[in-house]
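Enquirer: Residue numbers (the numbering used here), protein chains in the order written: chain V, 122 to 402; chain Z, 776 to 837; chain D, 566 to 953.
Careful: at least some of the hints might be erroneous.
Using 27 angstroms as the maximum straight-line C-alpha spacing, the simulated DSS-like pairs for lysine-lysine come out as follows [as the list claims (entries may be wrong)]:
| no. | chain 1 | residue 1 | chain 2 | residue 2 |
| --- | --- | --- | --- | --- |
| 1 | Z | K809 | V | K333 |
| 2 | Z | K810 | V | K398 |
| 3 | V | K373 | V | K333 |
| 4 | V | K125 | D | K776 |
| 5 | Z | K810 | V | K333 |
| 6 | V | K154 | Z | K810 |
| 7 | V | K234 | V | K151 |
| 8 | D | K799 | Z | K817 |
| 9 | Z | K786 | V | K399 |
| 10 | Z | K831 | V | K373 |
| 11 | V | K309 | Z | K786 |
| 12 | V | K340 | V | K154 |
| 13 | V | K234 | D | K768 |
| 14 | V | K376 | Z | K786 |
| 15 | Z | K831 | V | K333 |
Source of the hints: derived by calculation from the structure; they are not laboratory data.
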Amino acid sequence: MSLKIIKPTAAFQDLLPPEYRELVLNGPFKDHKGLNELGSFKEIIEEHPHCAGCGVALGVRLVAASLPSPADTLIIGTPGCSFFGLAQTAVNYANTAFGNQNAVASGLKRMLKIRYPDLHKDVVVLVGDGGIADIGLDLTLHSWLRRENITTIMVDNEVYGNTGGQESGMSVEGQVLNMAPQGKKFPKIPVFDLARVSGCAYGARVTVASPKKIGQAVKKAILIAREVGPTYVQIYTPCPTNLKFPPNMTIKTAKEAEAGYYSFQEFINDEALEYLKKAEA
Amino acid sequence: MYVAARVDEEKCNGCRLCVYACPDPNVIAVIQLKKVVAIDQKRCKGCGLCATVCPKGALAVS
Amino acid sequence: MGSAQRPVSAEHLMFEAARIPAFITGSEAVMEAVKRANVDMAIAYPITPQSESMHLVGDLYADGYLKDYYRAENEFAVMAAIHGAALGGGRVFTATSGPGTLRAMEMFPVWAGSRQPVVCAFMCRGVSLPPSIQPENIEMSMLLDTGMLMLHAEDGQDFFDMILKAYAIAEKPDVHLPVGIFADGFFVTHTRDTVMLPPDDIKLEQYDPGKSPVPVFDMETPPMRITRDPLLNKSNFISYAANASWHQEVLAAAERSRKYINRYLGGLLEVQNPDARIFIAASGTAVSQGREALKILLREGCDAGLIKIKSIRPFPTEEIEEATKGADLIVVPEFNAGGWLAREIKAAINENKRVVAGPRVFGGMSIPSELIVNEVHQALAKRKTHMS
């Protein structure tokens with residue numbers, strides 16, 4: 122994105138809201154500002170109606186602050202909780218019919234490659250567990266199997282939060298939720314393992330208790346997807362509202378999971394490793 | 776007026792752990808000169824995550 | 566090869582360029598249209614009877630006429646990826662049939678609501694249990710209110726012309742809606758017919774996303790933050806206000822397309838023997854059978870005419886009213902069990918008891934011209950007994 126198109130003309134400066142002016146002057150579009158500088162620049166996400174203490178909100182915020190090129194990033198989302206914040210984000214964001222985000226991303230990425238063959242347009246899917254593991258599993262897996270150059274990021278709160286707290290494919294076995302009155306009867310869907318065998322060049326499993334790991338994973342995933350192949354980041358983003366814990370316990374909950382079934386995991390194929398080395402050089 | 780987090784600047788040592796714990800954007804700003812954080816109370820939802828992670832007890836929700 | 570083609574205006578391609586006859590199938594007609602349409606990307610999925618068309622489009626890609634093409638995993642994925650590709654600001658094409666149409670259904674209102682000038686060919690066939698690939702167009706009735714424009718091709722010539730003209734109509738800034746080009750499966754797709762083709766060294770001009778009424782999605786176009794905003798996340802009031810006005814705009818865009826359909830198609834319908842008292846009104850291949858029935862009726866000395874309806878959406882309400890105002894009887898042969906065309910006509914005209922919703926055939930039945938002639942005779946006989 123040419124920065125000229127966001128710079129307001131002098132006559133309009135005073136009329137534009139202060140949030141917009143801050144974004145132009147102190148945002149991450151001009152000089153690169155990443156996770157390390159968080160707290161000292163204008164973030165690309167604006168206010169949103171996520172619940173107080175929302176794990177997904179934290180996950181989305183950390184991802185947005187970790188984008189390597191926010192000026193050329195397009196985010197594809199789908200209904201759920203994630204899109205509350207994403208609809209307030211200063212990049213092109215497209216909502217989609219529920220679950221079809223990876224198909225939309227496939228078409229978009231290919232068309233942007235046709236129209237801008239010399240630019241890196243980072244197409245990032247940022248979606249919840251329902252959209253990837255359940256209703257969109259088919260389309261998600263196929264975008265990986267086809268080796269589409271897109272990054273898929275799941276903010277996993279292990280529940281359908283937006284619709285009132287129903288069991289999700291990513292809920293743990295035994296968890297009692299709406300539509301699972303006797304507890305979930307089958308295990309958490311191993312989307313991370315599926316990503317590995319379906320052709321993702323890179324994958325990382327992280328939680329909101331480790332923001333720096335999220336930053337590194339997101340950056341690697343987006344860079345690798347540019348040239349090598351599909352990438353996947355799964356972030357545990359617990360939900361105080363539906364899993365019924367106090368809103369100030371979100372990070373503690375994530376930390377406990379990180380010590381157990383949500384431990385840090387990463388896979389990377391040789392080509393992706395080579396590419397990263399060259400990119401860093 | 777708002778239920779929001781408040782900073783005790785005496786106790787804050789500018790470690791910024793709270794910045795990475797807050798789910799909402801641009802609530803906690805780092806004041807470089809004073810090496811402390813500041814809370815935008817209009818944006819804060821009062822969830823208390825910052826207060827919970829603060830190692831110095833410099834944050835509280837009220 | 567695509568790069569060897571010279572871009573020309575739609576008017577030149579469709580009306581001025583000299584044409585030569587080719588004896589080709591409907592599937593080949595689709596390919597010939599896409600070949601001259603300067604399409605950036607096409608996405609395919611197999612389903613009878615549109616697969617052959619999309620094989621040939623794939624060959625076009627291999628020969629350099631399209632910049633990208635792939636086979637997706639199901640029709641929902643195809644239409645979703647087409648949505649994504651159209652968001653990116655290029656010209657796209659796809660096709661489907663019957664159950665594929667239904668599987669992709671969620672995306673058609675999305676295309677229309679997103680104001681995307683997608684052109685999709687629907688080669689109609691049976692949809693329900695028991696599974697059938699027989700030609701019938703019940704799927705058209707299910708798309709009448711998606712916001713998509715709908716043109717119904719009678720034969721290979723129509724199929725070829727309508728696909729190209731659809732791009733010209735759809736991409737007008739005051740329209741910018743998806744267009745479905747419908748043809749009855751097998752009857753059109755798998756039979757050979759003489760189709761007049763303009764030369765293949767010319768093509769439509771490149772699609773210009775700068776002319777879209779909705780900003781293109783490529784992080785290069787102001788305003789900077791463009792979202793297909795889930796307005797349902799805002800207050801109820803915002804959601805209602807934005808959605809209600811947006812939907813009205815989609816309806817208005819369809820109305821604005823009438824003038825372009827008139828310009829490019831020469832009218833939303835065609836009338837043969839406009840002074841007739843008895844009309845056969847039909848769309849698609851039922852028109853061809855209607856033509857044969859008309860010949861028989863005229864030989865019998867019947868004061869009969871034919872109305873060929875080309876545009877289903879927008880529906881030629883005024884034109885049909887005008888064409889039938891002096892008629893006593895309108896017989897509507899259709900290839901579907903529901904009788905959707907008869908319903909549309911009845912809703913458009915006064916004294917709709919003049920409409921006979923038949924003969925309706927489905928499941929693989931054909932409409933011999935005698936069946937249509939009989940329907941006319943029976944209707945006339947009923948009126949005689951009613952009046953005496």
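Enquirer: Against each hint, give a clear statement of whether it holds in the structure.
Expert: Hint check results:
1. K809/Z / K333/V: holds, 24 angstroms
2. K810/Z / K398/V: violated, 35 angstroms
3. K373/V / K333/V: Holds: K373/V and K333/V sit about 16 angstroms apart, inside 27 angstroms.
4. K125/V / K776/D: holds, 20 angstroms
5. K810/Z / K333/V: holds, 21 angstroms
6. K154/V / K810/Z: holds, 19 angstroms
7. K234/V / K151/V: holds, 23 angstroms
8. K799/D / K817/Z: Holds. K799/D to K817/Z sits at ~19 angstroms (cutoff 27 angstroms).
9. K786/Z / K399/V: violated, 44 angstroms
10. K831/Z / K373/V: holds, 17 angstroms
11. K309/V / K786/Z: Violated: K309/V and K786/Z sit about 43 angstroms apart, past 27 angstroms.
12. K340/V / K154/V: Status holds; Cα separation ~13 angstroms.
13. K234/V / K768/D: holds, 22 angstroms
14. K376/V / K786/Z: Measuring from Cα to Cα gives roughly 25 angstroms; hence the hint holds.
15. K831/Z / K333/V: Measuring from Cα to Cα gives roughly 21 angstroms; hence the hint holds.
Of the numbered hints given earlier, the model fails hints 2, 9, 11; all others are met.
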